[in-house]
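Peer 1: Dock chain V against the given chain Z, drawing on the hints supplied.
One line per chain: the protein sequences are Z and V, in this order. With my numbering applied, the first sequence corresponds to residues -19 to 165, in that order. With my numbering applied, the second sequence corresponds to residues 15 to 175, in that order.
By construction, these hints were calculated from the structure, which means they are not laboratory data. Heads up, a few of these hints could be off.
Claimed, not checked - A short list of chain V residues far from chain Z (calculated; beta carbon distances all over 12 angstroms):
#1 Thr28
#2 Arg43
#3 Asp57
#4 Arg72
#5 Gly77
#6 Leu82
#7 Ala94
#8 Ala95
#9 Gly99
#10 Arg102
#11 Arg134
#12 Glu158
What the hints assert, rightly or not - Stretch-level coverage of chain Z by chain V, calculated; a stretch enters the list once three of its residues show a Cβ under 8 angstroms from a Cβ in chain V:
#13 120 to 133
#14 138 to 144
#15 149 to 161
All residues carry an ideal CB built from backbone N, CA and C; glycine is no exception.
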Amino acid sequence: VPPDAHSRRAFLGMCGAAAAAVALPGCGDDDSGGASRRELDAGFLNVALRLEHVAVVLYADGRDLLRGSARRTAGLFLDQEREHVRRLARTVRGLGAEPAAPRTLEEYRRSFPLLRRGRDVLRFAVDLENRVIRAYVDGLAHISDPRLRRLAGEIAATEAEQVAVLLGELGEDQLPTPFVTGTTT
Amino acid sequence: MHTSGRGELLLPTTGDDAEVVRALLQLERDSVRVYEAAQGRLDGVAGRLARRILEQERAHARGLARSLRQLGRAPAREPAAQIPGLERAIARGPGAFASFAARHEAEIVGAYLQALERLRRPGLRSPVASILANEGQHLALLRETLGDDPVPRAFETGEVH
Chain Z
-19 VPPDAHSRRA
-9 FLGMCGAAAA
1 AVALPGCGDD
11 DSGGASRREL
21 DAGFLNVALR
31 LEHVAVVLYA
41 DGRDLLRGSA
51 RRTAGLFLDQ
61 EREHVRRLAR
71 TVRGLGAEPA
81 APRTLEEYRR
91 SFPLLRRGRD
101 VLRFAVDLEN
111 RVIRAYVDGL
121 AHISDPRLRR
131 LAGEIAATEA
141 EQVAVLLGEL
151 GEDQLPTPFV
161 TGTTT
Chain V
15 MHTSGRGELL
25 LPTTGDDAEV
35 VRALLQLERD
45 SVRVYEAAQG
55 RLDGVAGRLA
65 RRILEQERAH
75 ARGLARSLRQ
85 LGRAPAREPA
95 AQIPGLERAI
105 ARGPGAFASF
115 AARHEAEIVG
125 AYLQALERLR
135 RPGLRSPVAS
145 ILANEGQHLA
155 LLRETLGDDP
165 VPRAFETGEV
175 H
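Excised from the complex, chain Z in its bound form (with noise of 0.2 angstroms):
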């Protein structure tokens, strides 16, 4: 088994514990009516929320291990991330939740695959935005808020752009899927 592959599985371990912790009812054809939709929207926010306090330390940490246009790649995404864990958290908050909080430090480095070479991140980082991505369009379905679904389909736009300049710097195909899940890379 290589190395960073039993820290991958927790890493999507630990991504996959997220999402199970959002119960889904209420999955039918319309979703007029029920009495817990803020709960359920800051659920699935919070499930993105998550996922987003990992890419703010992958990319804190590993732009140091990248360089030129790749490491000021990082930079920016790193501020992007940045944005939103803040307005996912205060639209969680404004739904009457608690945001999820990140976890500390050494908890996310432990689940993540060895990095140590520049490639090593940019790979790390696609895989990371996929799943970010897949949280966000399978979240679409069950928010309930338009406001809320607006937001989300932003973030999610920014994430595949995110993904499609990743690849490019990993000299990959930068247009994959013309139907972007986050479940292809």
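Peer 2: Using the frame of chain Z, we list chain V on its own:
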């Protein structure tokens, strides 16, 4: 088309989910026409990118037509109106076309964001979001081709700058 600064104005202000999907389909067909018009007339990075985006816009149009049929509506083809400024942009070269296409993609992103607000069926929103994300990627790569920052803001709103 291309008369507004925000794509959301390209969607009808009233109507059910089928009307929203029908409007998105029409926008995707416009996109196909934009990139088809550029085929064989642009060299270099912009030409290659246009070819790649064309394939994906066609896939979006097929997917939306399928969704419309599932909603019980026939994806009737509306008469193709002339797209103002397209021919002139292509004639002026790759940079002008990329700039035109970037404005177009920004408007499309705005339209998809409004669609996410409007669609009542949860099952439609995730596929629509997956297309929105891809349109954002088109926009980013067109900006890159123009020498601009590909991801200039943390929240992609589809605003035209």
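Peer 1: Compare the structure with each hint and give your call.
Peer 2: Status of each hint after checking the structure:
1. Thr28: 15 angstroms, holds
2. Arg43: 15 angstroms, holds
3. Asp57: Consistent with the label, Asp57 of chain V stays out of reach of chain Z, its closest Cβ about 19 angstroms off (over 12 angstroms).
4. Arg72: 8 angstroms, violated
5. Gly77: Gly77 of chain V not clear of chain Z: closest Cβ-Cβ about 7 angstroms, inside 12 angstroms.
6. Leu82: Label holds. Min Cβ-Cβ 16 angstroms, cutoff 12 angstroms.
7. Ala94: Fine: 22 angstroms to the nearest Cβ keeps Ala94 of chain V off the interface.
8. Ala95: Ala95 of chain V is indeed farther than 12 angstroms from all Cβ atoms of chain Z, at 24 angstroms.
9. Gly99: Nearest chain Z Cβ is 24 angstroms from Gly99 of chain V, so the label holds.
10. Arg102: Given that every Cβ of chain Z is farther than 12 angstroms from that of Arg102 of chain V, nearest at about 26 angstroms, it holds.
11. Arg134: Per Cβ check, Arg134 of chain V is inside 12 angstroms of chain Z; nearest 6 angstroms; violated.
12. Glu158: Non-interface label on Glu158 of chain V violated, nearest chain Z Cβ at 8 angstroms vs cutoff 12 angstroms.
13. 120 to 133: As far as the stretch 120 to 133 of chain Z goes, the hint holds, because 10 residues have Cβ atoms under 8 angstroms from chain V.
14. 138 to 144: Our answer is that it holds, as 7 residues pass the Cβ test (under 8 angstroms) against chain V, meeting three.
15. 149 to 161: holds (count 7)
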